[in-house]
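Chemist: Letter by letter, the chains look like this.
There are 2 protein chains.
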Amino acid sequence: MNPDLVIRNARVLTCDPSRFGLGMVDRGAIAIRAGVIEWVGPDADRPGATRVVDAGGRLVTPGLVDCHTHAIFAGDRANEFAMRAAGKTYLEIAAAGGGIGATLGPTRAATDETLVALLLARLDLALAAGTTTMEIKSGYDLTVAGELRLLRCIAAAGRRPAPRIVPTLLAHLVPPERKADRSAYIIELRDQLIPQVATDKLAASVDIYCDEGAFTLAETRSILGAAKIAGLPVRGHVGQFTDLGAAELLADLAALSADHLEQITDRGIEQLASAGVVAVMLPGACVQLRLPVPPVEKLRAAGVLMAIASDLNPGSSYCEQLPLQMWLATTHYGMTVEEAWLGVTRHAAKALGLPTGGTLQADVQADLIVWACDDPATVPYRYGAASSLIESVYVGGVRCGMAVS
Amino acid sequence: MNPDLVIRNARVLTCDPSRFGLGMVDRGAIAIRAGVIEWVGPDADRPGATRVVDAGGRLVTPGLVDCHTHAIFAGDRANEFAMRAAGKTYLEIAAAGGGIGATLGPTRAATDETLVALLLARLDLALAAGTTTMEIKSGYDLTVAGELRLLRCIAAAGRRPAPRIVPTLLAHLVPPERKADRSAYIIELRDQLIPQVATDKLAASVDIYCDEGAFTLAETRSILGAAKIAGLPVRGHVGQFTDLGAAELLADLAALSADHLEQITDRGIEQLASAGVVAVMLPGACVQLRLPVPPVEKLRAAGVLMAIASDLNPGSSYCEQLPLQMWLATTHYGMTVEEAWLGVTRHAAKALGLPTGGTLQADVQADLIVWACDDPATVPYRYGAASSLIESVYVGGVRCGMAVS
Numbered sequence: 001m002n003p004d005l006v007i008r009n010a011r012v013l014t015c016d017p018s019r020f021g022l023g024m025v026d027r028g029a030i031a032i033r034a035g036v037i038e039w040v041g042p043d044a045d046r047p048g049a050t051r052v053v054d055a056g057g058r059l060v061t062p063g064l065v066d067c068h069t070h071a072i073f074a075g076d077r078a079n080e081f082a083m084r085a086a087g088k089t090y091l092e093i094a095a096a097g098g099g100i101g102a103t104l105g106p107t108r109a110a111t112d113e114t115l116v117a118l119l120l121a122r123l124d125l126a127l128a129a130g131t132t133t134m135e136i137k138s139g140y141d142l143t144v145a146g147e148l149r150l151l152r153c154i155a156a157a158g159r160r161p162a163p164r165i166v167p168t169l170l171a172h173l174v175p176p177e178r179k180a181d182r183s184a185y186i187i188e189l190r191d192q193l194i195p196q197v198a199t200d201k202l203a204a205s206v207d208i209y210c211d212e213g214a215f216t217l218a219e220t221r222s223i224l225g226a227a228k229i230a231g232l233p234v235r236g237h238v239g240q241f242t243d244l245g246a247a248e249l250l251a252d253l254a255a256l257s258a259d260h261l262e263q264i265t266d267r268g269i270e271q272l273a274s275a276g277v278v279a280v281m282l283p284g285a286c287v288q289l290r291l292p293v294p295p296v297e298k299l300r301a302a303g304v305l306m307a308i309a310s311d312l313n314p315g316s317s318y319c320e321q322l323p324l325q326m327w328l329a330t331t332h333y334g335m336t337v338e339e340a341w342l343g344v345t346r347h348a349a350k351a352l353g354l355p356t357g358g359t360l361q362a363d364v365q366a367d368l369i370v371w372a373c374d375d376p377a378t379v380p381y382r383y384g385a386a387s388s389l390i391e392s393v394y395v396g397g398v399r400c401g402m403a404v405s
Numbered sequence: 001m002n003p004d005l006v007i008r009n010a011r012v013l014t015c016d017p018s019r020f021g022l023g024m025v026d027r028g029a030i031a032i033r034a035g036v037i038e039w040v041g042p043d044a045d046r047p048g049a050t051r052v053v054d055a056g057g058r059l060v061t062p063g064l065v066d067c068h069t070h071a072i073f074a075g076d077r078a079n080e081f082a083m084r085a086a087g088k089t090y091l092e093i094a095a096a097g098g099g100i101g102a103t104l105g106p107t108r109a110a111t112d113e114t115l116v117a118l119l120l121a122r123l124d125l126a127l128a129a130g131t132t133t134m135e136i137k138s139g140y141d142l143t144v145a146g147e148l149r150l151l152r153c154i155a156a157a158g159r160r161p162a163p164r165i166v167p168t169l170l171a172h173l174v175p176p177e178r179k180a181d182r183s184a185y186i187i188e189l190r191d192q193l194i195p196q197v198a199t200d201k202l203a204a205s206v207d208i209y210c211d212e213g214a215f216t217l218a219e220t221r222s223i224l225g226a227a228k229i230a231g232l233p234v235r236g237h238v239g240q241f242t243d244l245g246a247a248e249l250l251a252d253l254a255a256l257s258a259d260h261l262e263q264i265t266d267r268g269i270e271q272l273a274s275a276g277v278v279a280v281m282l283p284g285a286c287v288q289l290r291l292p293v294p295p296v297e298k299l300r301a302a303g304v305l306m307a308i309a310s311d312l313n314p315g316s317s318y319c320e321q322l323p324l325q326m327w328l329a330t331t332h333y334g335m336t337v338e339e340a341w342l343g344v345t346r347h348a349a350k351a352l353g354l355p356t357g358g359t360l361q362a363d364v365q366a367d368l369i370v371w372a373c374d375d376p377a378t379v380p381y382r383y384g385a386a387s388s389l390i391e392s393v394y395v396g397g398v399r400c401g402m403a404v405s
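Top line first, the protein sequences correspond to chains S and G.
Each step along the first sequence adds one to the number in our numbering, with nothing skipped, and position 79 is 79.
Each step along the second sequence adds one to the number in our numbering, with nothing skipped, and position 269 is 269.
Check the hints yourself; a few may be wrong.
Chain copies aren't distinguished; within one or between two, either way the pair holds.
[Claimed, not checked] In silico lysine to aspartate or glutamate, EDC-like type, Cα no more than 20 Å apart, as pairs:
| hint | residue 1 | residue 2 |
| --- | --- | --- |
| 1 | K298 | E338 |
| 2 | K298 | D375 |
| 3 | K88 | E338 |
| 4 | K179 | D191 |
These aren't lab readings, by the way, just hints derived from the structure by calculation.
Next comes chain S alone, as it looks inside the complex:
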């Protein structure tokens, strides 16, 4: 039986780990059946198909995987952005009502309908910039019932075919109203929220923000321990401002990923490498907060796999555009173009526990992008105009309508 669709005459960037480097098949073709890739190979060997699309020699890549976002929230913090640009300190901004607290109020007050509509608008922008799989964290309610509600809203948004959604429960921080009974709050997370999320299958993993002002290393160990007991993989926001030793802990726990890493010791790097934990680079937030650049050369030398994500959130990176993050990664972070591509495809999928995600190879979902260019370097190089570089996006072998200007 013929495949449903063959995309031919393409420069296929497979990101297939069994091929060299980015796994480019220069004059290539892809055969798709029932939403799944059946075959990738030389154009000359392509099978017949019900429908054939000629890519005109253009670049075809896996759909992009954004493996770290906080895309569900209400309100914005443009005012806080202006204060920071005017040189106000973190404490001054907090005193003026800024910080995560400024997102908690509007998010808690918003209806489910509003939250889903806001999220869908962001998903449209992400899809128009090539994101076909997006991780979305809870974390802007911080009550047990409210975090469950956020995860249910994420699930509702995920009923649309594209982009695909990977939900994460995030232990973001202790909310202001629970500062007096911090340990009781943590027990609620451990004994109520995490088991409920696991039972209801509302998240694919549990994430935690371990840093000065968020959770301590001991609390992180306790909360992620509960996640492991509940059968959920874990990951963490680590060393964005201060290294509390969480990289080592995440390595011990065989976490999916350690994210941020502006601050990390050589020992932490080694342990991430041995444990196969993906380092998620978030260059937009790093630039916006004027933080030091993570030790990319050391991570590379140690063999740590690096992913790149948008960190889409209202505080430090209000951006849906992965290609722009690739530009920041290849310029400000000093990553190579190959690392940038793997960072938003195969390595990002690994950070989400999707072992064959972010690749174009047989038996993988047919999520792919036909670009308007032929060189992979063009995508980060022509920064800021991703949508104009995209010819079409397919999710599960179906071409997506682009609703976005």
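With the hints as your guide, set chain G onto chain S.
Modeler: Just chain G now, kept in the frame of chain S:
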């Protein structure tokens, strides 16, 4: 007689220097007749009009002014971008055929039609991101006849109503084939090219690249002197890599602007301030080349006016998006949101010798943007998605059709 058009119920960011700060008129309106602003004031006082547009309380700003681009060229240098990301040095890239030389060949080989078509595609992207006036430099041919041709192609593109074009003759560097008779080349520039450009009114100013590997300070003095004699204002690329003292020279020559300024002395800053030379910040190129940040605090303290531009060019910043440059300016450069706005409106217009440009006030061309938001900080804050933040763009009082996805 009534105005043709009134835009009412708007938060009007006038950038009018006679008003405080950004000159916000909170519940404002704008009256337009024959493409020119007739009146700006409180919505309650608005005149009647043939046509009234209700902005729904949204932000209305001057159209953006991109005061530094190299938007006319053929070919691209994605390959060079990849080499730099892989850690190749400037010399290694040059040895592999990179650098400006890699743009000279394709540009010289391209037909007028191709050059204009490539330029128009870039103008479409810029307009979709809010640019209503764009400066465009020659500089990728470097022969007398070829530079004249580039300026004629720019003029051809400028026959479209939007964006408005301001052409600049750029003495970019001595082309490889003239290295042996460098002084003869400079005499050609002085005695043939510049007078011809002035006679044919092909450029509004003369720019020069004064840096290690480009023109020396003495050559710069000689070439800009010829421009002054020909009646053309001058400006310069200054201190991107090395401070050769060109800021002081530009101050002496009462230049329109001094651009880049990663390297500048305190004395240079003082002189720019006293001479009223605009400092043009190019943060995209700075990030891409991993250069140090210019001394923004010192420029601010000295009272130097700062503009922000895209530096759109194939080597160090292939980007048409001014709002993204505003994000880089407010984060990486530490500029305020107010400085970012003035930098892409009033101060950018001043850098182009357009004294009332980049403002919304009576007797100024009605070039303006109706944004999809109400807070000026939102424009840099929601970085990377400028087109989705724009409701409509007017040039000369006429709403532009947006051809770009």
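Chemist: How would you label the pair K88, E338 (within, between, both, or neither) given a Cα cut-off of 20 Å?
Modeler: The answer is between: 14 Å across copies meets 20 Å, while 38 Å in one copy does not.
Chemist: My question is about K179 and D191: at a cut-off of 20 Å on alpha-carbon distance, are they close within one copy, between copies, both, or neither?
Modeler: within (18 Å within a copy, 75 Å between copies)
Chemist: Check K298 against E338 for me: Cα-Cα at most 20 Å, and say if that holds within a copy, between copies, both or neither.
Modeler: Answer is within; shortest intra-copy Cα gap is 17 Å, inter-copy 39 Å.
Chemist: Between copies, within a copy, both or neither: which fits K298 and D375 at Cα up to 20 Å?
Modeler: Neither: 28 Å inside a copy, 41 Å across copies.
Consistency note: the structure conflicts with earlier hint 2 alone.
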